[in-house]
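At position 77 of the sequence shown the residue is numbered 77 (my numbering), and the sequence of numbers has no breaks.
Everything labelled a hint here was simulated from the structure, so no lab data went into it.
Think of the CB as a built atom: it goes at the ideal place given N, C-alpha and C, for glycine as much as any other residue.
A couple of the hints might just be wrong.
[As the list claims (entries may be wrong)] Straight-line alpha carbon distances no greater than 25 Å define the calculated SDA-like cross-link-like pairs of lysine to any residue that follow:
{"#": "1", "residue 1": "K79", "residue 2": "R104"}
{"#": "2", "residue 1": "K82", "residue 2": "R109"}
{"#": "3", "residue 1": "K171", "residue 2": "R104"}
[Claimed, not checked] Per label pair, the in silico range of CB-to-CB distance:
{"#": "4", "residue 1": "D167", "residue 2": "K89", "range": "37 to 45 Å"}
{"#": "5", "residue 1": "E173", "residue 2": "G17", "range": "39 to 47 Å"}
{"#": "6", "residue 1": "S103", "residue 2": "A144", "range": "17 to 25 Å"}
{"#": "7", "residue 1": "E174", "residue 2": "D98", "range": "17 to 25 Å"}
{"#": "8", "residue 1": "P128", "residue 2": "Q33", "range": "17 to 25 Å"}
{"#": "9", "residue 1": "K5", "residue 2": "A136", "range": "25 to 33 Å"}
{"#": "10", "residue 1": "S113", "residue 2": "R16", "range": "20 to 28 Å"}
{"#": "11", "residue 1": "E174", "residue 2": "I7", "range": "31 to 39 Å"}
{"#": "12", "residue 1": "E174", "residue 2": "K89", "range": "16 to 24 Å"}
{"#": "13", "residue 1": "R135", "residue 2": "K82", "range": "16 to 24 Å"}
{"#": "14", "residue 1": "P81", "residue 2": "E161", "range": "23 to 31 Å"}
{"#": "15", "residue 1": "T133", "residue 2": "N6", "range": "30 to 38 Å"}
{"#": "16", "residue 1": "A144", "residue 2": "K5", "range": "33 to 41 Å"}
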Amino acid sequence: MAIKKNIVRIIAGELRGRQVECEVNPSLRPTPQRAREALFSILGGDLTGVHFVDVFAGTGVIGMEALSRRADRCWFIEKDPKLAQALEKHLRLFRIADRAVVSRLDAYRWAESWQPRPGEWIVFLSPPFPDLTGRADAMLAMLAALQQALPEGSTLILQTEQCPMLDNLPKLEEWSRRKYGRNLLYFWGGPIGEGDDEDDEDEGEDGDKDGSGEVEEV
(Lines of atoms letter the chains of each structure in order from A and count residues from 1; the text may use other names and numbers.)
(Lines give C-alpha, C1' and ligand atoms only; values in the text may rest on other atoms or scores of the structure.)
Protein backbone atom coordinates (compact mmCIF):
# COMPACT_ATOMS: atom_id res chain seq x y z
CA MET A 1 0.00 0.00 0.00
CA ALA A 2 1.33 3.43 -0.95
CA ILE A 3 2.15 5.79 1.89
CA LYS A 4 -0.21 8.76 1.93
CA LYS A 5 1.51 12.12 1.87
CA ASN A 6 0.60 15.74 2.37
CA ILE A 7 2.08 18.68 0.51
CA VAL A 8 2.61 21.94 2.40
CA ARG A 9 3.68 24.99 0.40
CA ILE A 10 5.81 27.88 1.58
CA ILE A 11 3.74 31.01 1.19
CA ALA A 12 6.12 33.90 0.58
CA GLY A 13 9.70 35.07 0.38
CA GLU A 14 12.65 33.60 -1.48
CA LEU A 15 11.23 30.07 -1.19
CA ARG A 16 7.70 30.99 -2.20
CA GLY A 17 5.87 28.06 -3.76
CA ARG A 18 8.39 25.42 -2.69
CA GLN A 19 6.73 22.24 -1.49
CA VAL A 20 7.37 20.42 1.77
CA GLU A 21 6.26 16.81 1.51
CA CYS A 22 5.30 14.88 4.63
CA GLU A 23 3.65 11.57 5.40
CA VAL A 24 0.11 11.64 6.75
CA ASN A 25 0.48 11.15 10.49
CA PRO A 26 -2.24 11.67 13.14
CA SER A 27 0.34 13.14 15.54
CA LEU A 28 1.71 15.58 12.94
CA ARG A 29 -0.31 18.79 12.63
CA PRO A 30 1.24 21.21 10.12
CA THR A 31 0.07 24.74 10.84
CA PRO A 32 -2.83 25.47 8.42
CA GLN A 33 -2.01 27.88 5.62
CA ARG A 34 -4.47 30.55 6.82
CA ALA A 35 -2.91 30.57 10.27
CA ARG A 36 0.58 30.72 8.74
CA GLU A 37 -0.40 33.62 6.51
CA ALA A 38 -1.81 35.49 9.49
CA LEU A 39 1.18 34.67 11.69
CA PHE A 40 3.73 36.07 9.28
CA SER A 41 1.53 39.04 8.44
CA ILE A 42 1.66 39.88 12.14
CA LEU A 43 5.41 39.31 12.40
CA GLY A 44 6.14 41.26 9.22
CA GLY A 45 7.28 40.27 5.77
CA ASP A 46 11.00 40.82 6.39
CA LEU A 47 12.60 39.04 9.36
CA THR A 48 16.15 40.26 8.72
CA GLY A 49 18.07 40.30 11.99
CA VAL A 50 15.72 37.87 13.74
CA HIS A 51 16.80 34.57 15.32
CA PHE A 52 13.93 32.08 14.94
CA VAL A 53 13.25 28.85 16.85
CA ASP A 54 10.70 26.30 15.63
CA VAL A 55 9.91 24.07 18.62
CA PHE A 56 8.13 20.74 18.06
CA ALA A 57 9.14 21.48 14.47
CA GLY A 58 7.52 18.50 12.72
CA THR A 59 7.65 19.33 9.02
CA GLY A 60 9.64 22.48 9.83
CA VAL A 61 7.45 24.56 7.53
CA ILE A 62 7.13 27.41 10.06
CA GLY A 63 10.89 27.73 10.44
CA MET A 64 11.42 27.43 6.69
CA GLU A 65 8.82 30.15 6.17
CA ALA A 66 10.86 32.34 8.54
CA LEU A 67 14.07 31.61 6.63
CA SER A 68 12.26 32.35 3.38
CA ARG A 69 11.49 35.78 4.85
CA ARG A 70 15.17 36.42 5.63
CA ALA A 71 15.42 35.41 9.27
CA ASP A 72 19.12 35.30 10.06
CA ARG A 73 19.02 31.76 11.36
CA CYS A 74 16.53 29.14 12.49
CA TRP A 75 16.88 26.41 15.08
CA PHE A 76 14.52 23.45 14.64
CA ILE A 77 13.80 21.40 17.78
CA GLU A 78 12.45 17.97 16.82
CA LYS A 79 13.19 14.75 18.69
CA ASP A 80 11.60 12.34 16.20
CA PRO A 81 14.52 10.99 14.12
CA LYS A 82 12.42 10.37 11.02
CA LEU A 83 10.93 13.86 11.05
CA ALA A 84 14.32 15.44 11.76
CA GLN A 85 15.88 13.54 8.86
CA ALA A 86 13.13 14.66 6.47
CA LEU A 87 13.54 18.23 7.69
CA GLU A 88 17.29 18.16 7.05
CA LYS A 89 16.61 16.81 3.55
CA HIS A 90 14.34 19.75 2.72
CA LEU A 91 16.80 22.27 4.13
CA ARG A 92 19.49 20.90 1.82
CA LEU A 93 17.10 20.75 -1.14
CA PHE A 94 16.10 24.38 -0.63
CA ARG A 95 19.75 25.41 -0.12
CA ILE A 96 19.15 27.00 3.28
CA ALA A 97 20.91 24.41 5.44
CA ASP A 98 23.73 26.88 6.12
CA ARG A 99 21.25 29.09 8.01
CA ALA A 100 19.63 26.30 9.98
CA VAL A 101 20.33 23.98 12.89
CA VAL A 102 18.27 20.83 13.47
CA SER A 103 18.49 19.67 17.08
CA ARG A 104 17.17 16.18 17.78
CA LEU A 105 16.28 17.01 21.35
CA ASP A 106 13.36 16.64 23.71
CA ALA A 107 11.80 20.11 23.65
CA TYR A 108 11.16 20.19 27.39
CA ARG A 109 14.76 19.40 28.27
CA TRP A 110 16.00 21.86 25.67
CA ALA A 111 13.94 24.67 27.21
CA GLU A 112 15.31 23.98 30.68
CA SER A 113 18.87 24.77 29.65
CA TRP A 114 18.47 27.13 26.68
CA GLN A 115 20.61 30.26 26.91
CA PRO A 116 19.99 32.49 23.88
CA ARG A 117 22.58 34.94 22.65
CA PRO A 118 21.65 38.65 22.77
CA GLY A 119 19.36 39.83 20.00
CA GLU A 120 15.79 39.60 18.81
CA TRP A 121 14.29 36.13 19.00
CA ILE A 122 11.01 34.64 17.90
CA VAL A 123 10.24 31.27 19.50
CA PHE A 124 7.29 29.40 17.97
CA LEU A 125 5.79 26.32 19.60
CA SER A 126 3.23 23.99 18.07
CA PRO A 127 3.09 21.12 20.57
CA PRO A 128 1.22 17.87 19.96
CA PHE A 129 -2.31 18.31 21.27
CA PRO A 130 -1.98 15.36 23.71
CA ASP A 131 0.82 17.28 25.45
CA LEU A 132 -1.53 20.18 26.13
CA THR A 133 -3.70 17.90 28.23
CA GLY A 134 -1.50 14.99 29.31
CA ARG A 135 1.63 17.08 29.98
CA ALA A 136 0.07 20.41 30.88
CA ASP A 137 2.31 21.04 33.90
CA ALA A 138 5.45 20.36 31.87
CA MET A 139 4.20 22.63 29.09
CA LEU A 140 3.49 25.48 31.50
CA ALA A 141 6.94 25.07 33.06
CA MET A 142 8.47 25.15 29.60
CA LEU A 143 6.69 28.38 28.68
CA ALA A 144 7.77 29.99 31.96
CA ALA A 145 11.39 28.97 31.32
CA LEU A 146 11.30 30.48 27.84
CA GLN A 147 9.79 33.71 29.16
CA GLN A 148 12.64 33.92 31.64
CA ALA A 149 15.32 33.20 29.03
CA LEU A 150 14.19 35.39 26.14
CA PRO A 151 16.02 38.71 25.68
CA GLU A 152 13.97 41.89 25.88
CA GLY A 153 12.04 42.64 22.69
CA SER A 154 11.67 38.97 21.76
CA THR A 155 8.42 37.14 21.06
CA LEU A 156 7.03 33.81 22.26
CA ILE A 157 4.23 32.26 20.21
CA LEU A 158 2.09 29.24 21.06
CA GLN A 159 -0.12 27.57 18.47
CA THR A 160 -2.82 25.48 20.07
CA GLU A 161 -6.46 24.54 20.20
CA GLN A 162 -8.79 25.31 23.09
CA CYS A 163 -7.84 23.40 26.25
CA PRO A 164 -7.94 23.98 30.05
CA MET A 165 -4.18 24.64 30.22
CA LEU A 166 -4.65 28.01 28.54
CA ASP A 167 -6.32 29.41 31.67
CA ASN A 168 -3.03 28.92 33.54
CA LEU A 169 -0.47 30.36 31.13
CA PRO A 170 2.47 31.95 32.98
CA LYS A 171 2.05 35.75 33.15
CA LEU A 172 -1.44 35.18 31.80
CA GLU A 173 -2.37 38.86 31.56
CA GLU A 174 0.59 39.55 29.24
CA TRP A 175 -0.55 37.21 26.46
CA SER A 176 -2.66 38.21 23.47
CA ARG A 177 -4.65 35.79 21.37
CA ARG A 178 -5.77 35.47 17.78
CA LYS A 179 -8.27 32.89 16.64
CA TYR A 180 -8.48 31.18 13.25
CA GLY A 181 -11.27 28.62 13.30
CA ARG A 182 -10.22 26.15 15.97
CA ASN A 183 -6.58 27.22 15.71
CA LEU A 184 -5.39 29.68 18.35
CA LEU A 185 -2.21 31.75 18.27
CA TYR A 186 -1.03 33.11 21.63
CA PHE A 187 1.60 35.87 21.62
CA TRP A 188 3.78 36.99 24.50
CA GLY A 189 6.48 39.63 24.65
CA GLY A 190 6.22 41.34 21.28
CA PRO A 191 3.67 43.46 19.39
CA ILE A 192 1.05 41.41 17.57
CA GLY A 193 0.03 44.09 15.09
CA GLU A 194 -3.42 45.36 14.27
CA GLY A 195 -6.50 43.24 13.76
CA ASP A 196 -10.18 43.76 13.05
CA ASP A 197 -11.59 41.69 15.93
CA GLU A 198 -13.66 39.63 13.50
CA ASP A 199 -14.64 36.17 14.68
CA ASP A 200 -13.91 33.59 12.00
CA GLU A 201 -15.64 30.56 13.50
CA ASP A 202 -17.53 29.90 10.26
CA GLU A 203 -14.42 29.72 8.11
CA GLY A 204 -13.64 26.15 9.12
CA GLU A 205 -10.48 24.51 10.34
CA ASP A 206 -8.05 26.66 8.39
CA GLY A 207 -9.32 29.95 9.77
CA ASP A 208 -10.34 33.19 8.15
CA LYS A 209 -10.12 34.30 4.54
CA ASP A 210 -8.10 37.47 4.98
CA GLY A 211 -5.78 36.47 7.82
CA SER A 212 -7.00 39.12 10.24
CA GLY A 213 -8.56 36.86 12.83
CA GLU A 214 -10.14 37.70 16.15
CA VAL A 215 -7.88 39.68 18.47
CA GLU A 216 -8.26 39.89 22.21
CA GLU A 217 -6.30 40.28 25.38
CA VAL A 218 -6.30 37.07 27.40
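Comparing the hints with the structure gives:
1. K79 <-> R104: This hinted pair holds, its Cα atoms lying about 4 Å apart.
2. K82 <-> R109: holds (20 Å)
3. K171 <-> R104: At roughly 29 Å apart (the allowed maximum being 25 Å), R104 and K171 break the hint.
4. D167 <-> K89: 37 to 45 Å: holds (40 Å)
5. E173 <-> G17: 39 to 47 Å: holds (40 Å)
6. S103 <-> A144: 17 to 25 Å: For A144 against S103, whose Cβ atoms are near 21 Å apart, the range 17 to 25 Å holds.
7. E174 <-> D98: 17 to 25 Å: violated (35 Å)
8. P128 <-> Q33: 17 to 25 Å: holds (20 Å)
9. K5 <-> A136: 25 to 33 Å: holds (32 Å)
10. S113 <-> R16: 20 to 28 Å: This hint is violated: roughly 36 Å between Cβ atoms.
11. E174 <-> I7: 31 to 39 Å: holds (37 Å)
12. E174 <-> K89: 16 to 24 Å: About 38 Å separates the Cβ atoms of E174 and K89, which means 16 to 24 Å is violated.
13. R135 <-> K82: 16 to 24 Å: holds (21 Å)
14. P81 <-> E161: 23 to 31 Å: holds (27 Å)
15. T133 <-> N6: 30 to 38 Å: Hint violated: Cβ distance 24 Å, outside 30 to 38 Å.
16. A144 <-> K5: 33 to 41 Å: holds (37 Å)
In summary, the structure is inconsistent with hints 3, 7, 10, 12, 15 from the numbered list given earlier, while agreeing with the others.
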